[in-house]
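Student: Based on these hints, arrange chain U on the given structure of chain E.
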Amino acid sequence: MAAAEKIIGSRIKRREDPRLITGEAKYLEDIQLPGLLHAAILRSPHAHAKIKSIDTSKAAKHPGVVAVYAGKDFADVNPMPCAWQAGKVKNNVNTPRVLEIDRVTFTGAGIAVVVAEDRYTAQDALELIHVDYEVLPAVVDAEKATKSGAPQLHENAPNNIAVEWTCGTQDATDRALKEADVVVKQRMINQRLIPTPMETRGCIAQYQAATEEWTVWMTSQAPHVMRLLMTAFVFGVPETKMRVISPQVGGGFGAKIFLYPEYCLMAALSRKIGRPVKWMETRSENYIATTHGRDHITEIEVGAKRDGTITALKVNTYANLGGVLSTIAPGIPTTLYGRMLSGTYRIPNIFCHVYGVYTNTGMVDAYRGAGRPEATYVIERAVDLVAHELGLDPVAVRRKNFIPPEAFPYDPVILNGLKYDSGQYEKALDLALKMLGYENFRKEQAEARKQGRYLGVGFSSYVEICGVAPSAWIGLPGEGWGAGLWESANVRVHLTGKVVVTTGSQSHGQGHETSVAQVVAGELGISVDDVIVQHSDTLGTPFGYGTYGSRSTAVGTVAVYNSLQKIKEKAKLLGAHMLEAAPEDVVYEDGKVFVKGSPDQSKTIQEIAGAAALAYSLPAGMEPFLDNTSYYDPPNCTFPFGTHICVVEVDKESGEVKIKRYIAIDDVGKVINPMIVEGQVHGGIVQGVAQALWEGAVYDDNGQLLTGSLMDYAIPKADFFPTFETDRTETPTPVNPLGVKGAGETGTIASTPAVVNAVVDALAPFGVKHMDMPVTPPKIWRVLQGNGG
Amino acid sequence: MYPSNFDYQRAASVADAIQKGSSDGAKFLAGGHSLLPALKLRLNEPESLVDIGRLDALKGISVSGSSVKIGALSTHAQIATSADVKKHAPALASACGQVGDPAVRNRGTLGGNLAHADPASDPPTVVLALGGKLHLQGSGGNRVVAAEDFFLDLFTTDLNPGELITAVEIPSIGQAKSAYVKMAHPASRYAVVGVCVVLEVSGGKCSKARVAVGGATPKATLSAAAANVLVGSSLDAAALDAAAKALTSDLSDVMGDVYAPEDYRRAMAGVYLKRAVRAALG
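Here the protein sequences line up with chains E and U, keeping their order. All letters in the first sequence, in the order written, are residues 1 to 789 by our numbering. All letters in the second sequence, in the order written, are residues 1 to 282 by our numbering.
Any given hint might turn out to be false.
[Unchecked claim] SDA-like, lysine to any residue: derived pairs with alpha carbons at most 20 Å apart:
| hint | chain 1 | residue 1 | chain 2 | residue 2 |
| --- | --- | --- | --- | --- |
| 1 | E | Lys670 | E | Pro599 |
| 2 | E | Lys779 | U | Gly256 |
| 3 | U | Lys245 | E | Gly786 |
| 4 | U | Lys40 | E | Lys652 |
| 5 | U | Lys40 | E | Gln123 |
| 6 | E | Lys717 | U | Gly97 |
| 7 | E | Lys652 | U | Gly97 |
| 8 | E | Lys658 | U | Ala187 |
| 9 | E | Lys50 | E | Asp171 |
| 10 | U | Lys245 | E | Leu784 |
| 11 | E | Lys717 | U | Tyr190 |
[Claimed, not checked] If you want the ones that stay clear, here's a sample from chain E, every Cβ over 10 Å from chain U, calculated:
| hint | residue |
| --- | --- |
| 12 | Ile161 |
| 13 | Pro238 |
| 14 | Ser617 |
| 15 | Ala764 |
By construction, these hints were calculated from the structure, which means they are not laboratory data. Virtual Cβ for every residue (Gly too), placed ideally from N, Cα, C.
Okay, chain E solo, but in the shape it has when bound (with noise of 0.2 Å):
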């Protein structure tokens, strides 16, 4: 199949830019309807309190104002679901409701809607509204939340613990770290981030009521598992109810998969009042209302030989929550995280121990990577501490302990009965070594060092799991997903040729419209012209579980895929049928049926598709149209992996940070894009590099959020970086007939620790052996102050 060979696999631009470029794409916010009514939501300036009492009155009667309401109003609403209750999370659920009641965990929780005929208006009204509140004391720190005498946020969580949680095997653990050479103990804080997508939320809620139907537009990566949590969880009504429509996604980065209090309140007002009812987040908003990610405490203990091989790896985690439970909450420092602390080493005995908390924070769920950037972090960082302990090359330590090629499937033990799939991780490296020229880069280093200039160099030789996930796995008892992670498509090739495939995953950047028609116009053999992908409306396409986890070519794609196939078997029994040949003398090449050596006589994919369609003669048996549905799920999940090289200069005089060279090797399995895995690596470095050295949510000891804007919130500028120096292995997993692994997160997970690891290098010439991100001039200069810098 050498056509498909090249259209799969090949740089292509994206289908979905012209609109995109030209402001021509439809936003949430460029939707209006006829009466169309605005709502601005009052939030909690404070962090933990009792509301006493909430008088709207004045509000209400404001000029322009239609309706206002607070918490009490909407007791008959389910609150939000937990979906994710990992961890053996019983009975101390805690998640939003619409509007809090009578309580809140943490500031900017809604407690009362002004929906009005403007938006001004709304803005307005929302200063007549007047709250009695009590404030109580509050604790934003989650090992702190854990001690005895800690503010308590839930009667039915003691100690403010939401999960515990445990992987691997402790006895074990604890005996091999006291057989080892060497033990190192170190704590570190992977600290809260803002997603930050250039879209903030919104979601437009239209009730009919003489159907009792809903149709809602909203901002998610998710259309179908939102419309299934607000009616059977939250409205308790059948999901047939509501159709719910993803228009063009501004970005998600994970903060757009879950269910927010917002979607259901638009979908309330409504039915209540009988017209459309529109409400966009301000950026303001995004940042106290819209989930955070990471926030992590750590402790490791990590055990080796001295010859650099590592034996055990303790991690105690305390995994801040915020002040209620998200969507998925608990099972991204659980799963996603504690499962890969292995990374890409043979580690005989681990151990982690997860407590996710409550504390006075917004809440904290799946941000890009989602749990693999805070495992990868720990382990990279560990790998770097053994080597200095032991004073050997941080890359002679990861050689030491590499899986090799030979031992894939590889059963880290702690992944509960999944295998890496494939791997080849010591040719990533050495292919980033070389780009690096790394004996000539420890010279410069060295000559520099005596010129008072500081140098470092940081690795990261990372694997993730994508493509989640088989519904066997995450679906056990115990894992807490309750529920299964399969995906689907629907192929028609209609009467002129031209296909339309309808996925239940969605895309907010991602590319699908392109990658998605490559696969089929590969497969099928047409032109990629003549694809056309609909996504993101629960109207007409199957269910899928949405966009995340780097899931949707490894799955979703597979999905396609498998349709693809029988879509052509059929076509291949109607060709035959056509050239009156036997079906088992007939192939499918290049977008023609033939019989086997006489391509001459052929019919194509178009003429067959017409036949089909027209059906006036079809062999026996035969149902009209070429027209498949596939439900895929994998079995297993995907394990991207790759070496990231960092290399900084640091200025002893300011603390400044420069990155000098970035060097990244992915291998994400087959590319079906180059261009576009090109773009989500890039993109992915540059956030992963911005938790490092620029990005971190801080809130004081009261909750309140000290960076709430773009001023204080430091996300990062295209000019801090330097060229990317980018390129591939390619290892095809053996678990989809693709060989497609995920390209979606790599850069995120991979980035963050070389580049600590690189400042750590740099300034190892005061003794600094580690320092918490993100590593800003201010803290390094307070170090160097404090070691004779």
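Tutor: Same frame as chain E, now just chain U:
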């Protein structure tokens, strides 16, 4: 993110602007790049905005005698690219080129910027170091105020209600050397510390110096102590270290925040003074 109600009036002339701007609760609107964010956050809720953006009398950059006169409505982008400013006040062109991003520089104005008096903004520091004078016009007539008398405190200036900045006059640096350097905050790109130096050098020695610091203190500040150390020196490494030391001990009322604590800002004023001198000397 949604301003409260306000009236909008467009001024027909400078006199009209002054009259409209003198009423209670009125604010002048020029480029709007400091004012509008404050309105959107409802940190500022004026009753009316008097739009002066179309007053030609406040536009234009010209050279007369030994000074360059910059109309208050000149945008940062116009100043950054003006041949006259680059020649006579290169540090100001450089600073205006470092304000915000291209969108901000193409809308934001020098007059609006100085009237806002954000200590972390770049132009106040440079206008102060260059010995700039502000031409003001109000109901009481015209007056000229030196930059060092204009900035009073955090977001506070000598402007009376209804009084406008019409132009900023900068004496040409002539043969002197100058530079403005800043440590930009990674989020806002405002100055954590910004330092501007103007140096006259003859016979290998510094004969005259002005040093201004922004970002670190509630208002842009001149440091005579640092300048005195530079004057008479050959601007060598030892002199720069001594000047940096003088500057860090001279600064009072240094601010600190989540990102950069007070002691760091103070130390960086010294580090950036040295960089500014080196940049000025090229």
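Student: For each hint, tell me whether it holds in the structure or not.
Tutor: Checked hints:
A C-alpha spacing of about 30 Å is found between lysine 670 of chain E and proline 599 of chain E, which places the hinted pair above 20 Å, so the restraint is violated. Note on lysine 779 of chain E and glycine 256 of chain U: the hinted pairing holds, with a Cα-Cα distance of about 14 Å set against a maximum of 20 Å. Taking the CA atoms of lysine 245 of chain U and glycine 786 of chain E, the gap is near 19 Å; set against the 20 Å cutoff, the hint holds. Simply put, lysine 40 of chain U and lysine 652 of chain E have alpha-carbon atoms about 40 Å apart, too far for the 20 Å limit, and the pair is violated.
Simply put, lysine 40 of chain U and glutamine 123 of chain E have alpha-carbon atoms about 11 Å apart, close enough for the 20 Å limit, and the pair holds. Taking the CA atoms of lysine 717 of chain E and glycine 97 of chain U, the gap is near 17 Å; set against the 20 Å cutoff, the hint holds. Simply put, lysine 652 of chain E and glycine 97 of chain U have alpha-carbon atoms about 27 Å apart, too far for the 20 Å limit, and the pair is violated. Restraint check: the Cα-Cα separation between lysine 658 of chain E and alanine 187 of chain U comes to about 16 Å, which is no more than 20 Å; the hinted pair holds.
For the hint linking lysine 50 of chain E to aspartate 171 of chain E, the alpha-carbon distance of about 44 Å lies beyond 20 Å, and the restraint is violated. Distance check on the hinted pair: lysine 245 of chain U and leucine 784 of chain E sit about 18 Å apart at the alpha-carbon level, within 20 Å; holds. Proposed proximity of lysine 717 of chain E and tyrosine 190 of chain U is supported: the alpha carbons are some 14 Å apart, at most 20 Å. Distance to chain U confirms isoleucine 161 of chain E as a non-interface residue, since its nearest Cβ pair spans about 29 Å, more than 10 Å.
For proline 238 of chain E, the non-interface assignment is confirmed: its Cβ lies about 37 Å from the closest Cβ of chain U, beyond the 10 Å cut-off. The Cβ of serine 617 of chain E sits about 64 Å from the closest Cβ of chain U, beyond the 10 Å cut-off, so the non-interface label holds. Distance to chain U confirms alanine 764 of chain E as a non-interface residue, since its nearest Cβ pair spans about 22 Å, more than 10 Å.
The structure shown violates the earlier hints numbered 1, 4, 7 and 9.
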